[in-house]
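Peer 1: Sequence:
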Amino acid sequence: MIRRLMLAAAVAVPLLSFTAVVGAQTAAPAQAGFSASRLQRVDQFIDRKIEAGEISGGVALVARNGRIVHLSARGVADVATRKPMQKDTIFRVASMSKPITAVAVMMLVEEGKLRLDDPVSKFLPSYRDMKVAVALPARQAAGPGAAPAAGTPAAPNFYTVPAERGITVLDLLTHSSGLMSGPNGNSGGQASYQKRHEIGLKWVDNLGTETALEFQPGTRWAYSPFAGLDVAARIVEIASGVSYDEFLRERLFAPLGMRDIFFWPSDAQRARLVTNYTRADGVLTPAADPDRMSGPAYFSGGAGLMSSAESYARFAMMLANGGELNGVRILSPAAVQLMGSSILADTLAGRPAGEGFGLAVRSVTDRAARRTLISNGSFGWAGAYGTHFWVDPAKKLTAILMVQTPAQGRSEEFETAVMQALID
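Residues in the sequence shown are numbered from 8 upward in steps of one, following the working numbering.
Don't read these hints as lab results, they were simulated from the structure.
Misleading hints may appear alongside valid ones.
[To be verified] The calculated lysine-lysine pairs, modelled on BS3-like cross-linking and capped at a C-alpha distance of 27 angstroms, are:
| id | residue 1 | residue 2 |
| --- | --- | --- |
| 1 | K209 | K129 |
| 2 | K90 | K202 |
| 3 | K209 | K90 |
| 4 | K90 | K138 |
| 5 | K209 | K138 |
Because the structure is a prediction, the values reported are computed rather than measured.
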């Protein structure tokens, strides 16, 4: 019954009315090289996920040449109240915050206030002389003949060796630093991480002495969900002299007209915030602590932002257009090209075939190896709650999926639904 109601709500919210999205430039699909009938498959994809009970609803946006060609809202924002999903519904974008942090860093690089090869210790002294964790064999760690109690994960057990070099800003943005990117490194940083809502990004200031790196810097790719990009955001604060929140608002969000993106909602904005769900045994259940990655004082560069689809699209369209949107230039074309480049090759440990890694974004290097319709040179990232975006600079195209239930494989289906509609 709930799924039928969500589908009914999806049908009730029509496709993009070009006068409905205030401030957004729009174009008819045919003008942008899309088949209007094939673009309907984007909504059909979302409807299938609603019908399968995977999501409550979603918002999809497709843009080309700086103009929105498709924007639709399907399903409901809250299952219990059956509140319809709206085109301006706000979502927790989680790790889609990371590319925004990379852009903030590159803005300061272009101003000469920092370099990608700068050691983190230049800004945060505790990161000098870091150690690298080397795991002990399980038997040696637990003791001869010993084993942890059933159902209890073994505590990390390791010795340390000196890091062969200091971690750099580039290492943070490419997830090649080893900073809190595995069980050994995570174990040392938990006490500081628990203070994030009290002291904000300063929670990372002393990590260099509190935790060990998971591996030697630059030797592999391993995701740093919070620490790596939070450190990068903290460096933005130090190098710019203002809070990370203020830097983004004044230097990025306001110039691009991103009105509905923030770290913490007002009461009016919270009324437009979608309910975050987990799914188990086919049942959607409201998440217990959906706002743990955000806060009124914690401006997480790794996962803290909330946004509407259209606001995030302005950021993505700026990247697709080589660093400029509607006469406002944020970055040079060279900086955007570097951001989306394969700085780490897919041959590096931890990277899948056909995907290199740039500055906080994956970069498609071989569409055949990746089995994808999106073009080589496309780049983007996703969020833990199911949000996803990518940018195709050659085609000046971007697409954004906003949902609020985690899932594997959904992003690839969305990519296919969009790209099969592109005919020119």
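Peer 1: Taking the hints in turn, state whether each one holds.
Peer 2: Evaluation of the provided hints:
1. K209 with K129: 16 angstroms, holds
2. K90 with K202: Judged against 27 angstroms, a Cα distance of about 35 angstroms means the pair is violated.
3. K209 with K90: 38 angstroms, violated
4. K90 with K138: 51 angstroms, violated
5. K209 with K138: Holds - the C-alpha atoms of K138 and K209 are around 21 angstroms apart, at most 27 angstroms.
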